[in-house]
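Chemist: Protein chains in written order, with my numbering: chain A, 7 to 431; chain B, 7 to 431.
The set of hints was computed from the structure by calculation and includes no laboratory data.
Treat the hints loosely; a few may be bogus.
Output of the computed footprint for chain B on chain A, the stretches with three or more beta carbons under 8 Å from beta carbons of chain B [to be verified]:
| hint | segment |
| --- | --- |
| 1 | 37–44 |
| 2 | 68–74 |
| 3 | 78–87 |
| 4 | 101–107 |
| 5 | 134–145 |
Just so it is clear, CB atoms sit at the ideal spot from N, CA and C, and this is done for glycine as well.
Listed here are the chains, written in short residue letters.
Number of protein chains: 2
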Amino acid sequence: MKQSQLFTKTRKEAPKDEVAKNAELLIRGGYIHKEMAGVYTYLPLGLRVLNNINGIIRDEMNKVGGQEILLTSLQEKEPWEKTNRWVTNPDVDVWFTTKLKNDTELGLGFTHEEPLTRLMKDHIRSYRDLPVYPYQIQTKFRNESRAKSGLMRGREFLMKDLYSFSKDEAEHNVFYEKMKQAYLNIFRRVGLGDKTYVTFASGGSFSKYSHEFQTVTSAGEDLIFVDEAKKIAINREVYNDEVIADLGVDKDAIVEKEAVEVGNIFSLGTRFSEALGLMYVNERGENMPVVMGSYGIGPGRLMGTVVELLSDDKGIVWPESVAPFKFHIVRISDKEDAVKQADGLYEVLTQKGIEVLYDDRVGLRAGEKFAESDLLGLPCRIVISDKLVAENKVEVKIRSTGDTHVLSREDFLKGLQEHTPHEKQ
Amino acid sequence: MKQSQLFTKTRKEAPKDEVAKNAELLIRGGYIHKEMAGVYTYLPLGLRVLNNINGIIRDEMNKVGGQEILLTSLQEKEPWEKTNRWVTNPDVDVWFTTKLKNDTELGLGFTHEEPLTRLMKDHIRSYRDLPVYPYQIQTKFRNESRAKSGLMRGREFLMKDLYSFSKDEAEHNVFYEKMKQAYLNIFRRVGLGDKTYVTFASGGSFSKYSHEFQTVTSAGEDLIFVDEAKKIAINREVYNDEVIADLGVDKDAIVEKEAVEVGNIFSLGTRFSEALGLMYVNERGENMPVVMGSYGIGPGRLMGTVVELLSDDKGIVWPESVAPFKFHIVRISDKEDAVKQADGLYEVLTQKGIEVLYDDRVGLRAGEKFAESDLLGLPCRIVISDKLVAENKVEVKIRSTGDTHVLSREDFLKGLQEHTPHEKQ
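Given these sequences and hints, build the entire structure.
Modeler: Right, dumping it as structure tokens:
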């Protein structure tokens, strides 16, 4: 894409009403726009990042047998009353509520166990129909009292939520472990692998623990206790001697860290299926409640977390897997030869299917363009200047390391052949 | 995809609470699920159709220079008060409203002129920043009193809304005409070209007419007056002698028809930019209000309209461009050779990147499988029976025409080479 066409502008100054680094950098870069606290619009570059993250999540969900659907935000009370989750006391709950014209009260879904469990009654009858794993990437609404962490705690935000429907606990447990691995794959692929820990958190009536995926960052609102050698952590809420012993971690090796919950997997047992009557007939002809699990990731929160962790004082440092474009051609001369060479390079890359942003804007100083390029944070910058053009060379700068290489245009193009445009793993 | 894996089931009986054919067939086929009147979940097959429609819309929007973004549903009052559209009287308006915990009233967006106009103030300053065409495919909420037309009138539904920001009316008009063509392309590509008319409807302060795209169907809620020779129509609301003369249509040739509005394009002039202060500095250094237009299409409504028009007494007849899968392999024998040949064919097609649904379920009668296949309505059915396997043949049946061809497996595969899996135009 040519930057002269991109409608968004970057800003030098930080927005006054943001305290979170992720929101500050993403707004300055023109990635997102704040509508109100906890409610953000995704602008073209931001939507590209979000779609890349969604693509990785979809890929991992499809690999474990997920089937994508799209549930609704508007929610009738009825199934939520059956599970005792229609609690609209503003002191304790996160429902946004609204009304039909005939005064029927509705809620805006903050999660989707209830409607999906009800829906699955049309499709699950026998053991032959199980297991199944529907999931969606859909907008959730949560009436948070405070929302000051940018994309990391939203009142309106995207969520990938998968729900598993299994015959029994044994079948459930096999899938639960598969999802743990799928989640770790996702965090690795978006660039958070090193800093993300499977974290033991409180379970429910049906399991001793649930598992969170916590990414260590000072921007996080959670406190976790990390065993770095074992690559696991314990959430503050369940951190006690019994749990330490249970997990076999060495208390002396544990480090306390601030972290953000980037994902969560939960064994639901038969809580929802029993309340809503989701039963199946087993091999022996008996009526049994379906065993369920839920598995959530917020793609926007993930984007915010990537920015919190992968940024420096100049701006964002996108990993290649989620960057809005892999390359940023920055032309710092408006002379004919430079324009010609930069235009040509843009064409070549575009035709190869490589995603490239081309700063073709005229009349800007090199310093301005470089500062903006650092802020935007694309993985690989290609500089086109008069001097480089005269020598038939390009300068390649890697955003993450700052490494700069000057190489001939031919060698650069040859190097490209050896790389696929997007590493999918 | 193997049908044994697909979690949805079809139904023989029509749902009791639906009067619209589109909802009835889509629910029976397991494409959608009704959450409440006007609020539908998209199940795996339905989401595939929706995504195909969205893909066609995106393609046409990107071709005219559209830049995709994603605005929010939660809306502050402020910009809507400035344009006098914060009217929450339930007798006249379609707002769903809700509240933050501090009692601040919010609305759920039923359109997005106001937030986008406000947002664009950060990005438009000079004539050099214009024109620009942001668009989104996003969920709208409309508090309709009655919603009984299935996907054709929703309380919660997807909408593609593009907004144009131009320097002046001349620049606006050029783009407006381009969009008219882009819209016609979309309706042609989804299979509604023949039945869809550019329809003159009431304009506003800034233009004599707006333009609707009306598809003729008895399921429509609108009444239009069609000049079939000229391929244009006039909406009832502006149908009078003056307009007939103005458009140069022959009154005697006009036919009255029921139709559904599948798209709408509207010149907004400076109504929103003046109210919200979206100004730019022109070439002469003068402050000017930006000239705007809005352009809407409901992908879900489009899906419903396709079903209304392209279905028969057996079920849906998807056009190839939007079908969830192009091919339906229906294996009507569970014997070893049939299984082997059907499995092999499924593998071959899948590896070619061709989207195929494979009815690999065991123990069902041929009649049941064919009835279900007709209901689902994939364009091309491939039958695998013992007799055909013995002769190394396949039977190919075209859903739209009912034409049946028996050909050798080799000829069938050879024929595939000559077709791209998806015709994009």
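Chemist: Would you mind marking each hint as holding or not holding in the structure?
Modeler: For each hint, the structure was consulted:
1. Under the rule that three or more residues need a Cβ within less than 8 Å of chain B, the assignment of the segment 37–44 of chain A holds, with 3 such residues.
2. Only when three residues or more bring their CB closer than 8 Å to a CB of chain B does the claim for the segment 68–74 of chain A stand; here the count is 3, and the claim holds.
3. Counting residues of the segment 78–87 of chain A whose beta-carbon sits less than 8 Å from any beta-carbon of chain B gives 5, enough to reach three: the coverage restraint holds.
4. Given a C-beta distance limit of less than 8 Å, the hint that chain B covers the segment 101–107 of chain A holds, as 6 residues qualify and 3 suffice.
5. For the segment 134–145 of chain A, the proposed coverage by chain B is satisfied: 4 residues have a C-beta within less than 8 Å of a C-beta in that chain, meeting the threshold of three.
Going through the hint list in order, the structure satisfies each hint without exception.
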